[in-house]
Amino acid sequence: MTRVFISKDMASVALGADAVAQAFAKAGCEVVRTGSHGLFAIEPLVEVETSEGRVAYGPVGPDDVAAVLDGSHGTRIGAIADHPFFVRQQRFTFARCGVTDPLSLSDYGVHGGWKGLEAATALSAQDVVDAVKASGLRGRGGAGFPTGIKWQTVLDTPADEKFIVCNADEGDSGTFADRMLMEGDPYCLIEGMAIAGHAVGAGRGYIYIRSEYPFAIEAMREAIARSASRIAPFTLEVRVGAGAYVCGEETALLDSIEGKRGQVRAKPPLPAIEGLWGKPTVINNVLSLAAVPFILAEGAQSYADVGFGRSRGTMPIQIAGNVRNGGLYEVGFGVTLGELVNGIGGGTASGRPVRAVQVGGPLGAYFPPSMFHLPFDYEAFAQAGGLIGHAGITVFDDSVDMAHMARFAMEFCAVESCGKCTPCRIGSTRGVELIDRIVAKAPRAAGALETMPQIRNASRAARTHDEEVELLRDLCDTMKHGSLCALGGFTPYPVLSALDHFPEDFGGGDALREAAE
Amino acid sequence: MTFTREKDFGTPAASGEAVSLTIDGQELTVPAGTSIMRAAAMVETDIPKLCATDSLESFGSCRLCLVEIEGRNGYPASCTTPVAPGMVVRTETDKLRKLRRGVMELYISDHPLDCLTCSANGDCELQDQAGAVGLRDVRFGYEGENHLEGCKDESNPYFTFDPAKCIVCSRCVRACDETQGTLALTVDGRGFASKIAASQDEDFLSSECVSCGACVQACPTSALIENTVIEKGTPDRAVVTTCAYCGVGCTFRAEMRGEELVRMVPWKDGKANHGHSCVKGRFAWGYARHNDRIVNPMVRGSVDEPWREVSWEEAIGHVAREFRRIQNAYGTRSIGGITSSRCTNEETFLVQKLVRQGFGNNNVDTCARVCHSPTGYGLKTTFGTSAGTQDFDSVQHADVILVIGANPTDGHPVFASHMKRRLRQGAKLIVIDPRRIDLVRSPHIEASHHLPLRPGTNVAMLTAMAHVIVTEGLVDEAYVHERCDRDAYAEWAEFVSDPSRSPEAIEELTGVPAQEVRAAARLYATGGNAAIYYGLGVTEHSQGSSTVMAIANLAMATGNVGKEGAGVNPLRGQNNVQGACDMGSFPHELSGYRHISDAETRALFEKDWGATLDPEPGLRIPNMLDAATDGTFKGIFIQGEDILQSDPNTRHVAAGLAAMECVVVQDLFLNETANYAHVFLPGSTFLEKDGTFTNAERRIQLVRKVMEPLNGYADWEVVQLVANAMGLGWGYTHPSQIMDEIARLTPTFAGVNYDALEQRGSVQWPMNEAAPDGTPMMHIDHFVRGKGMFVVTDYVPTDERTGPRFPLLLTTGRILSQYNVGAQTRRTANVDWHAEDRLEIHPHDAENRGVRDGDWVSLRSRAGETTLRAKITDRVAPGVVYTTFHHPDTQANVITTDFSDWATNCPEYKVTAVQVTPSNGPSDWQKSYRELAEASRRIETAEPAE
Amino acid sequence: MMNTREHLIYMAGQIFRNFASRGEEAAVSATAEHLVLYWDPHMKAQALDILDDPEIDLPEPVRAVFGKLRVAA
Amino acid sequence: MTDIAGIQTAIDRFMQSDMRGALLPLLHALQEEFGHVDPAAVPLIADALNLSRAEVHGVISFYHDFRTEPPARHVVKLCRAESCQSRGGAAIEAQLSHQLGVAMGHSRKDGQVALEPVYCLGLCAIGPNALVDDRPVARIDSARVVAIANEVEA
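Going line by line, the protein sequences match chains C, X, B and F. The numbering of the first sequence is this note's numbering, which starts it at 1 and goes up by one. The numbering of the second sequence is this note's numbering, which starts it at 1 and goes up by one. The numbering of the third sequence is this note's numbering, which starts it at 1 and goes up by one. The numbering of the fourth sequence is this note's numbering, which starts it at 1 and goes up by one.
Heads up, a few of these hints could be off.
To be verified - According to the in silico footprint, chain F covers these stretches of chain C (three or more CB under 8 Å from chain F):
1) 242-254
2) 409-420
To be verified - One side only, chain X facing chain B, incomplete, derived with CB under 7 Å:
3) His588
4) Pro617
5) Gly618
6) Asp626
7) Asp630
8) Met726
9) Asp781
10) Val791
11) Ile815
12) Trp902
13) Asp924
Since the hints were derived computationally from the structure, they do not count as laboratory data. Predicted, not measured: the structure shown is a model, and the values here were computed from it. Using N, Cα and C, we set each Cβ at its ideal position, and we do this for glycine too.
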């Protein structure tokens, strides 16, 4: 019986992988459902087991079974590792993704699983924390805070109970690495969390997954059930979000697990000291925790050897949006933005010129091609007025209206604002209204109120375009420096970067004057 | 006193080690844990703020209080950032000013611009802060999305919620959560759509809101505002005074506009309430100017005549003549007086002085007779002092809280909120009560053990707990050995160890599973600091005094007296019931709980008063009534009590009163007792006089006059008029002189005077040379009586028994919105929450009787019968029914019996065997009583009709 | 409803019952002491009248208590 | 009519798991079983978890997933986030709205279908994407819009 490997990743399924799998099963094949290798242009991907190893074909449709099985199908790739998209990747975290049956404990063991946990449990808690520190691993959720330092704080805070919380509320558009890992290699995350539990003395962990990821929820739940004895006495539970982007903010996430409104808490206290139910809590992103088994299994140095500047190790970069070769690309830090977009990504899917790239999700800045020399590195992006965030890059071609995207950033903030702090709660709505006025070239006239005789401070003149733009910049300043969390605080990044790099989309002075006449 | 707002430090005080930092170039040292905002406020640097207030934990939402800190990125909120050693903070820079204006610009872009016509104009933090940050223009304009069309919620009779004025700072929500602990408010929706909502976005009145006022107090704008402020305008002066409702003794600022009271605002520095309040003290003060107030003295020849308004001279002269006439005819001991737990210490002291010095006997008693007299007896016998051992704040250190026979969330709501805060922090709770009171389970509070015992079995229950503690080796042997009388302990330990007193042996009697009792006892004995709080469910039994002593035994055996977070804490019913007892209101003792038979003490008074005192105890209230029916007791002066409604066996009270020749009632209203009165002397409210109240934690607090008495005199002045008409020659010109006399004659009050009270705000007795700062906690190193005295408390069942005719047990209690006999609260909008007393009955008992929810039922006991409507609930166990007694129409005390506490005659309100049957409406007694009451309240008009 | 005399007898008996676990003699003394401390002179006098009234069938402990009261008086 | 007894049964069943911070999981469970969280369920939930009604209401109203009214028979959740926009999402939204006869964020009057926004399904290189009755659909073009419309009319 021929064994074939077909992804059951949500993206593959969305592209028809289930029907393909059924067709192969019907043809008498033994179908092994795996995670996705991460290049969606070739999904649904079928790998046929042969004496020379797996031979990949993709994309494949349900009618292509015979052609694939007899090797005549036109989309034959050969060994997937030889594909140009994969050949230069450094797969530390995603080594098993696409290769193994995600829920197979034996697959996981055969492919190096549990080695990290075994190594960790042989060490003292402090030694594990030291290893994580030495690896240079920084939080992959966006802020880039050194993971080992965070763990050290939790380890050093005495408490009757502590928690490991995995932030799997991957809400940024253009990112899907967490989802792919949870669907494609869930034991890797489980192992990472168990190691964290050992390292800080926590007995229980929670994985908070957004409800938009039903496949990941199911995979993690099943994997937790199957591996419970392997990680005991450490226990794990999946908690499901309920449609609130802000719960990706760690303190809002903790409140949500506690069964509250997902509102952001003021810090201090840090979650590492007073986190879930007021107890010391490690809260890390999926990718941070999933990097840990490699570090423990292969040694901190082998992780630290890769990278750029203070950004050590690999980053699973997600190339998304209007791009030809969209997908997951795990590589050491330092690759340039241009290489990612044009080289690896292959330019736009539409074939039109690239106009803008948003890096780091809806709170990330828009960069024009003139900035494609930027190396992928926390510090370099921060210096350029942007952020790496969760390492998602969304490519736009020249049909994009950047004022519209700036407006969307404000709109998204308004939709997702928890409502606790004023700059975000009111500012985002005012931002939408203001950009609408700017792009409509209809600056605000003095209202009934300003023209009342007793109102003497307010300007009675209609505002000029420049004044409206200045107000938008002031608003962004208020939101950036005044907001309680990154949602309100970083929404100005896309807005200001759009305004800075693409001013023409916001209407020029001349056009405005004409409209006013 | 002029009107100044209380200073708001923005965040609560911290108590860590000293930390030095620099704020705007000024060096200062504050406790670690202090926020930058508070630290700045301490050196008079007021950082702009809206969501922060020092009664609530910091929240960090408004973003006005941003500061710059050297070496740190960004602009941290000063409310949520604690100080750190060497920190250098700047609170005013161009950047900060710009950011704050930016935030304020956003606020105002969604706020009505009607400051001049807003009821909070001049008392609005948003208005103040807009000025403080220098807002000059709102460049966004006012055409954007907004909340200005929100509908006002005017459902609550006392305050209005106007969402258009709301800035969603969540102070109200947090106040409801943190301060009150009801969690009735939330934010509905999120983002720009966020709005404050009560419960499920319903009106406040139908929500879980208990109208404590904490949200109104916390609101920085006029989104939540007292209706009286809307009606009368903002106050222009404020006087700090003490609440006249329950024994918690909350301190309030009476905020006035001219001579008119605008609102009562809980005072942050109030040691009992720490700025919190309940629906009664906060809002239910309208009775003070109610039309029912009687302001002219009245006299009548007999109770079937209408009242005749007379001058003060005539009324006082009449009283003096009548009392002397009666004494001449029937003997010195034929008259007496009743002091009021609602009046001040000074007034109470004067009434007992009138009786002892003027009447020449000891026939004085007080309403504590019917509530906490067993506390006096029991704690005096075991510990040596007739009072609770702790201050209220002690509860914050308790690890285990045992509540028995008390319903704090209704009876002592402000203390209940403090207790609930501690419970939310993780303290364990044991509730011993026949009824499932709110504390047993309410949001975020859950008792570890609820022992729903059969009414009347307290002593058996507590002795069974003692059995567990002794037989399982949980006694704090070292404590007992060092602090207690060892012989008494040995005798007691042997007594409780008897298998007949085990939880298993009494299971059938109490109806509580033995394992639960054992578990509760273990928790109490081993759970850390264990505090007992109790109320009238302990005292109002035929074994009331035994129960108090059984409680004291438990506390001593486990070493839980004399330290923080522990103790024995009676929750006093009325505002000054502790004070009334302290002041010598009982017929057997002089102020400071000294027996009248003690010649040395008598001599002290005799010398001061220039009179000879009767060395024999006088009559207690029930004995006065007995004596009246026997014809030996003929005249009584009753100040501020309504014994006809509040005392047991109404028919007996009525008969006693009817048999007297001169009944003088001094009260605000023509109460039920006044139906049998011959002289009515109008009383004054707590707002109309100076004086002191003593709360349940022995805290003496000033009551300050905020308005002139409607009747022309404070109550103490009226007593002085009577005394002088009887020839006593008193010359007090201010209550402080009365307190000086009390201090002079009472060792435990030796250091108390008005100057000290003004300076300290309040003091807790004993305050004297040995305790110059007063005594928040008693019995620290040794018991007042020397060694703690264990007392064997044999369970002697009440003679009130259920049987085929009366198969159910009635127990009584109070409800949050009403107070005692309701004289005050029934004359306020509090009736919106509780317009009538209802009989709580278990669904099973109701079904057996064909009673549906809301049906009229007849409630019959051996003493009498009344009717009221039924409320079917499983809060009461099968076999138990429950009612409140706030409404005279209910006549709950027609039902209650003559049985009383063996030691003090405190009536057995809590156990009456009854039968409940469906009924069509009021009983004959209720009807005839109503007619009598109406006839009795006729007042002859000065101008006769043509 | 009890009349005053019945009430006094009842009260004395009730107090005695609450002291009864101390043994008969001690309980009688304690009860009598209690009456001395808390009963007004008229009540005490009535107790003595009751003691002298052959019509009244007085429970034995109450008789002992009132007897003690007479000695104390 | 609200099935109070049914809701109570579901709550009782859920409560057997003795979960800490159980409000969101309980709301999910109720919505799973009944399609929505009826306001009449709030007092029961509050009682079960010993919360105030206000707290439960606050949580329900915070999270966009929880509905307080029965859903349409079919729900199409179309991604509106940037990556899908970069691939023509706005035009697809307009087409889909037109084909389904319902505005974004609303249920059609006949209760047949609702079109709801979702912000990212994590399929960002193959947009525009949607969940059609919880089934992921990628690379939506005009033809797929028609197919979706046909599917939900059934």
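Counting residues of the region 242-254 of chain C with a beta carbon closer than 8 Å to any beta carbon of chain F, are there 3 or more? With 4 residues in contact (Cβ-Cβ under 8 Å with chain F), the coverage given for the region 242-254 of chain C holds.
Chain B contact restraint for Gly618/X - C-beta distance below 7 Å: 5 Å, holds
Against chain B, is Asp630/X within 7 Å by beta-carbon distance? At about 5 Å, which falls below the 7 Å cut-off, the nearest Cβ of chain B leaves the hint on Asp630/X intact, so it holds.
Hint validity - Asp924/X Cβ closer than 7 Å to any chain B Cβ: Violated. Min distance 18 Å.
If you take the shortest Cβ to Cβ gap from Val791/X to chain B, is it below 7 Å? The hint is violated - Val791/X has no Cβ within 7 Å of chain B, the shortest such distance being about 10 Å.
Tell me if the interface restraint on Met726/X is satisfied: Cβ within less than 7 Å of some Cβ in chain B. This interface hint is violated because 21 Å lies over the 7 Å limit.
Chain F covers the region 409-420 of chain C, three or more CB atoms within 8 Å, holds or violated: With 4 residues closer than 8 Å to chain F, the region 409-420 of chain C meets the three-residue bar; holds.
Do the numbers back the hint for Ile815/X, that is, is its least Cβ distance to chain B under 7 Å? This interface hint is violated because 30 Å lies over the 7 Å limit.
Are Asp626/X and chain B close enough, Cβ to Cβ, to be under 7 Å, as the hint says? Given a least distance of 4 Å, the restraint on Asp626/X holds.
Under 7 Å is the threshold here; is the Cβ of Asp781/X close enough to any Cβ of chain B for the hint to stand? With a minimum Cβ separation of about 29 Å from chain B (threshold 7 Å), the hint on Asp781/X is violated.
Against chain B, with CB atoms and a cut of 7 Å, does the hint on Trp902/X hold up? 5 Å, holds
Minimum Cβ distance from His588/X to chain B below 7 Å? 5 Å, holds
The structure is inconsistent with the numbered hints 8, 9, 10, 11 and 13, although it conforms to all the rest.
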